[in-house]
Amino acid sequence: MALLKRLARHKLPPVTFTLNGKACSGRAGDTVLTAILAETDRLRLSDFSRTPRAGFCQMGACQDCWVLAGDGERIRACSTALEAGMNLRTIAEPRS
Amino acid sequence: MSDALRPLIVGAGPTGIRAAQTLVDAGIRPIVVDEAAAGGGQIYRQRLVPDERTPRDLYGSETGKATALHETFARIRDRIDYLPQALVWNVQGKAADVAAGGRTRRLNFSHLILATGATDRVLPFRGWTTPGVFTLGGAQIALKSQGCAIGERVVFLGSGPLLYLVAWQYVKAGARVAAVLDTAPFSSKLHLLRGLLSQPGVVLRGFRYAAELMARGVPVHFGVEPDQIEGETRVTGMIWRERGKEHRLACDAVGYGFALRSETQLADLAGCRFVFDGRDRAWRPERDLAGRTSVSGLYIAGDGAGIAGADAAELAGERAGFAVLEDAGLTVDRARIAVLERKLAAIQRFRDVLEAAFPFPDKWANSVDDDVLLCRCEEISIGQARTAAREQEVRELNRLKALTRVGMGRCQGRMCASAAAEILAAAHGQPLEAVGRLRAQPPIKPLPLGIAADGEAA
Amino acid sequence: MSRILHKDVAIIGGGLVGSSAALALRRMGLSVALLDKGFCGAQASGVNYGGVRRQGRPPEQMALSQRAHVIWPRLKEIIGIDGEFVRSGHLKLARTEAEMASLEAYATRVAGFGLDLELIGRNKLRERFPWIAGDIVGASLCAGDGHANPRLVSATFALAARRAGAEVLEHTPVSHVERVPEGFHLSAGSGTEIRARFVVNSAGAWAGTFAEAFGEPVPLGRIYPSMIVTEPLDVFMTVNIGAEGGGIYARQVERGNCIVGGMRAEPTVDLDFSRPTGSGAVTIMNRAADLFPALRNTYAIRCWSGTEGEMSDRNPVIGFSRTTPNLIHAFGFSGAGFQIAPGVGEVLAELIRDGESRTPIEAFTIDRFARMDQGSPAGSVPEARKRETSK
Ligand SMILES: Cc1cc2nc3c(=O)[nH]c(=O)nc-3n(C[C@H](O)[C@H](O)[C@H](O)COP(=O)(O)OP(=O)(O)OC[C@H]3O[C@@H](n4cnc5c(N)ncnc54)[C@H](O)[C@@H]3O)c2cc1C
Ligand SMILES: Cc1cc2nc3c(=O)[nH]c(=O)nc-3n(C[C@H](O)[C@H](O)[C@H](O)COP(=O)(O)OP(=O)(O)OC[C@H]3O[C@@H](n4cnc5c(N)ncnc54)[C@H](O)[C@@H]3O)c2cc1C
Ligand code: FES
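Protein chains in written order, with my numbering: chain A, 9 to 104; chain B, 9 to 466; chain C, 2 to 392.
Any given hint might turn out to be false.
Said to hold, decoys possible - If we take Cβ atoms under 8 Å as the criterion, some of the chain A residues that face chain C in the derived model are:
(1) 55
(2) 58
(3) 80
(4) 81
(5) 104
Unchecked claim - Derived, one-sided and incomplete: chain B residues facing chain A with beta-carbon distance under 7 Å:
(6) 57
(7) 61
(8) 154
(9) 156
(10) 157
(11) 181
(12) 182
(13) 241
(14) 242
(15) 387
(16) 398
(17) 401
(18) 423
As the list claims (entries may be wrong) - Distance windows between CB atoms, simulated:
(19) C:136 <-> B:337: 50 to 58 Å
(20) C:297 <-> B:60: 49 to 57 Å
(21) B:258 <-> A:103: 29 to 37 Å
(22) C:256 <-> B:222: 43 to 51 Å
(23) C:103 <-> A:104: 49 to 57 Å
(24) A:9 <-> B:251: 30 to 38 Å
It should be emphasised that the hints constitute simulated quantities derived from the structure, not laboratory data. Because the structure is a prediction, the values reported are computed rather than measured. Backbone N, C-alpha and C fix where the C-beta goes; we use that ideal spot for every residue, glycine too.
All chains should be modelled from the sequences, with the hints used to inform the complete structure.
Pasting the structure below:
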């Protein structure tokens, strides 16, 4: 279930992307963090205790919003603009 | 003369923009680098794409200032070299390393103005890493820039003017605010009366936010001692104590913070001397009224130089711009400088009032439980820090980092260093300044290993 | 505040060399003052790369290195923590045929020392270490080598020395040492005076002034290796990596961070300190991304550097002074002292207790440089001024 609740910007053009393989749609002007957290409730698992995280500061300071994009690229969700066709993955697998 | 001047300004918030404008007005072409996609900084942050909301919806009472600042930046745009979405990750001598778009290059400068602003100061308590918990600033960005609330039923918690402001902005935008939990006692707010004479607008606005919140039925609690945020995989509720009694409230999001902390890493890397600022409870670069640091040619202004707010940021940015001109032997408008300095001094006095009205939660360091996470990157607990303090006789912050990893993760202590300092000071009953401060290390934010390196650029 | 301490031994410098000596001396029952100008283990010993390797050392260091080699797996018993020591093996890569020839020659040279080096050809290397990319001709594996966490090991040796009864005085720089009839007088910090029968000069990159004060100038320079560390990642790098000819070395810790070195930093205005250059850090990052495809999409979260004393012949100075009885030098480890330091500590303690060590250290005498200057062969100079008295 979504973490964020959209209150405005309803009429902006949709931007389609995939999240963990599933087709999703965000809005023009979304950050990757917004687009993902409007769909689901986590971005990654923490590095050591593997507990869910969903960002914290939304301003590029806490570094708790890294997700995967493209072919294994890592991006900081709160400081990356959503682009059409992005293949986004939350970090859901515990590290080996 | 001015041909040789190549000032670099880091940050395009109120501070950086006013500094740039001052230089441009004197016929100088500064470089302005900012990590964000658009100018404005934290408070006057712009949306990535325009939407149906008016500037008034976004900036409220500050709309005039926001618009003026954005207009200024647009006006000087072709008379500066502006690098948006670019991170200054290192400063060494008269050069800065700047990363943007998968490449890094070295920019040489004649003068450097650091206008890097601040981030929320947070204190850990149980559950603070649970999805649905954001900083106050994060909650505000979600709303202003993204048009989102951080949840359906939001609790705002902490201490500081931002607490009431953000809660009020949420209510205005149609979000449901379950409660405002102020860690300071109600009596602390009486200090604001002292500020009525000097900054009546600010004080009255603050009272208005609180009054409107209550009028709309948002419960406001004072003297709150946060206990924990409930929820395994996302927030389900909040538990706190108030006058010894436990309270519990269902909610699905929490926004919290305890005022702000300055971004000072670049000043540290540049070798600036630091002083302890008792009001901010933090070490910050030493600077004079004009923003000159202990390193010649290096200036620091705005919230990155110690927390003083957005109005002060604009004034201090302009003042630092003048300082560069003065130090380059150019003529400056003395009368204007006198006005700036007078206004800045008045704001500084008012900051003392604000600190009294929104005090830091002194009890936290001694009352927080051992098993609460201190460092959210490396997942080190408060107890581990206390044990190191006790058993390994650690009294200094970098030593704590070396022995426990607190502050060693991706965020380089931005989220945990203030709290770690408080814990360490409390563990030995020593003054906060005695524990020192974490040394900055480049890159000040993560940098991709495969980043392409360009040569030196003027 | 002024105080006078009476100790059997005063140790100048609480790096891993000084701290391990302090601990070994306490175990022998001698009283010790361990002095450091900052925190113990905060200089080279605490910020180094963490390579615990014998491979690559010159034959004259082998006996010492082997002595240290048996200490590393026993850290838990000795200092209470394992220091994250892992016997991962050390794999030295050859990028050219010439480098491979050099690895082969080295293997022959140290064949008698029990390193059990295994030379691996191009194809076998691919097979066994598929996570290494690039055109690697071959490699030499020393399975018994490994790596450890210098931050923890070095500080904890000092802590263990303190727990064993050493007087550990941090933030107490030694400003003056003087030979007196009963031994030595040292002045340190503000108002600390130490009377000691023996002095150990283990002041790392700063040891030169103390040697010189006793008429023993040494060609001790400074180097500033610099390092980057990545965010925590899935563990793939199962062995400590080096390269013949240098340029890169890398290891991955159990928590997942990769630590990569291979460039030098620049000293700051204050020559005691250094910092990595931006271009140096990026160069290391790029080399790592090229050599290890798993790192291509990852991030560096920090870089740092340290100050290390380097001798002109890259061998340390270890042993009794030639001018001053009961003065012992141990410095100038030239970028490779972390692995051998715990062994050096034991040797220093033996020198003090017995006047000699069971481990050969002749190659490390302080007067070898003077002898080289005069062109006279080793052995034609007077015996080292060993101990006058002992307990
Ligand atoms: C999240 C948040 C919300 C706030 N909301 C309010 C509010 O609603 N009302 C209010 O009165 N005050 C608010 N404040 C305080 C107010 O923002 C500041 O007083 C004011 O913005 C300070 O201006 P500044 O120019 O000094 O810094 P900022 O406005 O913070 O600008 C600093 C700029 O520097 C950039 N930067 C920093 N480091 C680097 C780097 N290494 N490389 C490149 N760029 C860099 C940042 O991206 C940023 O754009 C808020 C502060 C924060 C942190
Ligand atoms: C970045 C880096 C990477 C390295 N990597 C490796 C590696 O992977 N493997 C390896 O084997 N070796 C490595 N080394 C080398 C190794 O770290 C050193 O050789 C070893 O730590 C030396 O130990 P030490 O005790 O002699 O020196 P130090 O640890 O430097 O200790 C000397 C101490 O003396 C103190 N001191 C100086 N002057 C005074 C004074 N006047 N009074 C009191 N105290 C004083 C200093 O504060 C310091 O703590 C590396 C070194 C560096 C810098
Ligand atoms: S949410 Fe903090 S860095 Fe993205």
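Distance restraint evaluation - residue 9 of chain A, residue 251 of chain B, Cβ atoms, bounds 30 to 38 Å
holds (36 Å)
Using 7 Å as the Cβ threshold, decide whether residue 241 of chain B counts as touching chain A.
holds (5 Å)
Does the CB of residue 182 of chain B sit less than 7 Å away from some CB of chain A?
holds (5 Å)
Would you settle whether the hint for residue 58 of chain A is holds or violated, based on the nearest Cβ-Cβ distance to chain C being less than 8 Å?
violated (12 Å)
Given residue 398 of chain B as an interface hint, is the shortest Cβ-Cβ distance to chain A below 7 Å?
violated (23 Å)
Are residue 154 of chain B and chain A close enough, Cβ to Cβ, to be under 7 Å, as the hint says?
holds (5 Å)
Confirm or reject the claim that residue 103 of chain C and residue 104 of chain A have a C-beta distance inside 49 to 57 Å.
violated (35 Å)
Next item in the hint list is residue 242 of chain B. Is there a CB on chain A closer than 7 Å to its CB?
It holds, given that the least Cβ distance between residue 242 of chain B and chain A is near 5 Å, below 7 Å.
How does the Cβ-Cβ distance of residue 258 of chain B and residue 103 of chain A compare with 29 to 37 Å: does it lie in that range?
holds (34 Å)
Is it true that residue 256 of chain C and residue 222 of chain B lie within 43 to 51 Å of each other by Cβ?
For residue 222 of chain B against residue 256 of chain C, whose Cβ atoms are near 48 Å apart, the range 43 to 51 Å holds.
Please verify that hint: residue 156 of chain B, Cβ, nearest Cβ of chain A, below 7 Å or not.
holds (4 Å)
Taking 8 Å as the limit, does the beta-carbon of residue 81 of chain A come near enough to a beta-carbon in chain C?
holds (5 Å)
Against the hints set out earlier in the document, violations occur for numbers 2, 16, 17, 20 and 23.
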